[in-house]
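Could you put together the complete structure from these sequences and hints?
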Amino acid sequence: MDIYLPIAEVSVNAPTIVALGALVGFISGMFGIGGGFLMTPMLVFFGIPPAVAVSTMANHVAASSMSSVIAYSRRRAVDLRMGAVLAAGGVVGAILGVELFRWLRLLGQADLMVSVSYLLFLSVIGGLMLVESVGAILRRRRGDTAPARRDRRPVWLYGLPLKMRFPRSRLYISVIPPLALGAFVGILSAIMGVGGGFILVPAMVYILRMPAGMVVGTSLLQIIVTTALTGVLQAGRNQTVDIVLAILLIAGGIVGAQYGARASYRFRAEELRAILALIVLVVGLRMGLGLFLTPEEPFVLMAGANG
Amino acid sequence: MTDLPPPSAPPVAAPPAAVGAPAISAALTTTTVQVKSDFRGARIVLYGAVFDTGDRPTDVVVMVRGPEQPVRLTRKQKVAGLWLNSRPVVFDGAPGFYRAASNRPLQDIATFSTLRRLGAGVDHLTINAPAEQRVETRYGVRDVVVSRLGPDYYDWRRAVVRLKEKAGLYHEDQQGVRFVDRGLFRAEIALPTGAPTGEYRADILLFQDGRPVSSRARTLTVEKVGLERALYVWAHDRPWSYGLAAMAFALAAGWAASAVFRRD
Chain A
590 MDIYLPIAEV SVNAPTIVAL GALVGFISGM FGIGGGFLMT PMLVFFGIPP AVAVSTMANH
650 VAASSMSSVI AYSRRRAVDL RMGAVLAAGG VVGAILGVEL FRWLRLLGQA DLMVSVSYLL
710 FLSVIGGLML VESVGAILRR RRGDTAPARR DRRPVWLYGL PLKMRFPRSR LYISVIPPLA
770 LGAFVGILSA IMGVGGGFIL VPAMVYILRM PAGMVVGTSL LQIIVTTALT GVLQAGRNQT
830 VDIVLAILLI AGGIVGAQYG ARASYRFRAE ELRAILALIV LVVGLRMGLG LFLTPEEPFV
890 LMAGANG
Chain B
197 MTDLPPPSAP PVAAPPAAVG APAISAALTT TTVQVKSDFR GARIVLYGAV FDTGDRPTDV
257 VVMVRGPEQP VRLTRKQKVA GLWLNSRPVV FDGAPGFYRA ASNRPLQDIA TFSTLRRLGA
317 GVDHLTINAP AEQRVETRYG VRDVVVSRLG PDYYDWRRAV VRLKEKAGLY HEDQQGVRFV
377 DRGLFRAEIA LPTGAPTGEY RADILLFQDG RPVSSRARTL TVEKVGLERA LYVWAHDRPW
437 SYGLAAMAFA LAAGWAASAV FRRD
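Line order of the protein sequences matches chains A and B.
590 is the number of the first residue of the first sequence in our numbering; add one for each residue after it.
197 is the number of the first residue of the second sequence in our numbering; add one for each residue after it.
Accuracy of the hints is not assured; some may be wrong.
[What the hints assert, rightly or not] Here are the simulated distance ranges between beta carbons:
#, chain 1, residue 1, chain 2, residue 2, range
1, A, P604, B, D433, 27 to 35 Å
2, B, D433, A, Y854, 44 to 52 Å
3, B, D433, A, V713, 23 to 31 Å
[Stated by the list, open to error] Chain A residues, not near chain B, derived (Cβ > 12 Å throughout):
#, residue
4, R665
5, S712
6, G716
7, L727
8, G732
9, V794
10, R826
11, D831
12, A858
13, E860
14, I864
15, V872
16, V889
Everything labelled a hint here was simulated from the structure, so no lab data went into it.
Idealized CB from N, CA, C, for every residue including glycine.
Set out below in structure tokens:
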């Protein structure tokens, strides 16, 4: 069942793409991440031009995040106010990021930036999360209590001005850290072609000190806003969104996300984080490998010849 | 290998046809290829005939060129242990599709300079580059546009051909023209899924004693039709409404899925 994609101008096997959408949707619903960091490389592997993969991924991530965020909000696991602050930062970041990516693409350094970002962020975050979550699992097995955090009121949360109450998360902190975090994730999401959940989730736990139960639903909210904006900007600026590809991915993704959101509460939070950390680490190392291996073909045709 | 091909090799000018002079004729079985949702490439058959009262050996070369497109490529270079992209190089015009078919190896049919002049074969096809090297600034980014980079030019040129061959867009088939009967020949043109849309030109050349003595040109149109065309036009002519609609669909689909799953 092959189908021709009008924008990507390639022919793909429809059931395979739907299955890929479902798999990534499942992971997305389970971990509260967009799943773009998995989707983008896999679409490229299936022969979709990278520019189309990066842009169309945004539609898929928005759909599967939308599908699972409703499931989370029914369980009252979404902090709307925190989500709005993060998203406000994310909007600014996404606009900057799309322009930065356009400039890098014209310079011919977009590939490098993508590889370096994947290697750097995915392996560092994956590594840190793995160490932390495995530590938590081992402590629980031994029956130890979690070591008290050295600083219960870190200065970057409580020392800065513009404090705001976040009743759902039981926080009373400055809005500057969440705004900055949202903007940073917005830039990265446009450059790497990802939703940014894999950075947002650990940052909300370790930097913003949000309760673990609120993190996943709230990060999905931020991801929806950022990717919806990125998707429209990519279509408007670069004409690289393939609606047929998006429909195939979404058909699988929204169903997968529902099952993922359900599966997530069969596991403990630290176990989920350990699995996610492993996935993130493997993808990051795989993407970064290209920087060190001698390429078989030193020349690369570049998209965007028409400007 | 120091002489560059002219910017665009004109197809052979048919010599004035004397009575009884050898001539060639050809037709495509399909002149329009429609790209629809089930498009998986196409095979087009070309039939032709050689009219020759004499009995000198004749050779037939069929060249198909797709619409010209600028080509931008980069080369990976090792910098401090890392493989990084060089500054991109732009070739102003290379055919988006190229296929040369002949009844025997091209180098046996005609001399190097004749093939070069006609742009026959992937080693000789014209890839337009401006006469002099210059630097072009677009969107605030400096692109190097090359032509006379000495030996480097050939590395880049060969890379264009190699990469396009890998994508199935360039091909040279030394047995692509088959004589099915005396004077009657047949060739097949395979269009891959990634073949660009637009006007294609097929040049059918008759060679005798290493010289082109007669030629015919035929055109072929590859176009998107139906829904594929409507979506493509929408995405390019009204990109913002297209982007908004695509995203609205995505969000609605996500919401609908969670509403459906709520019941159970």
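Broken hints, numbered, in rising order? 3, 10, 11 and 16
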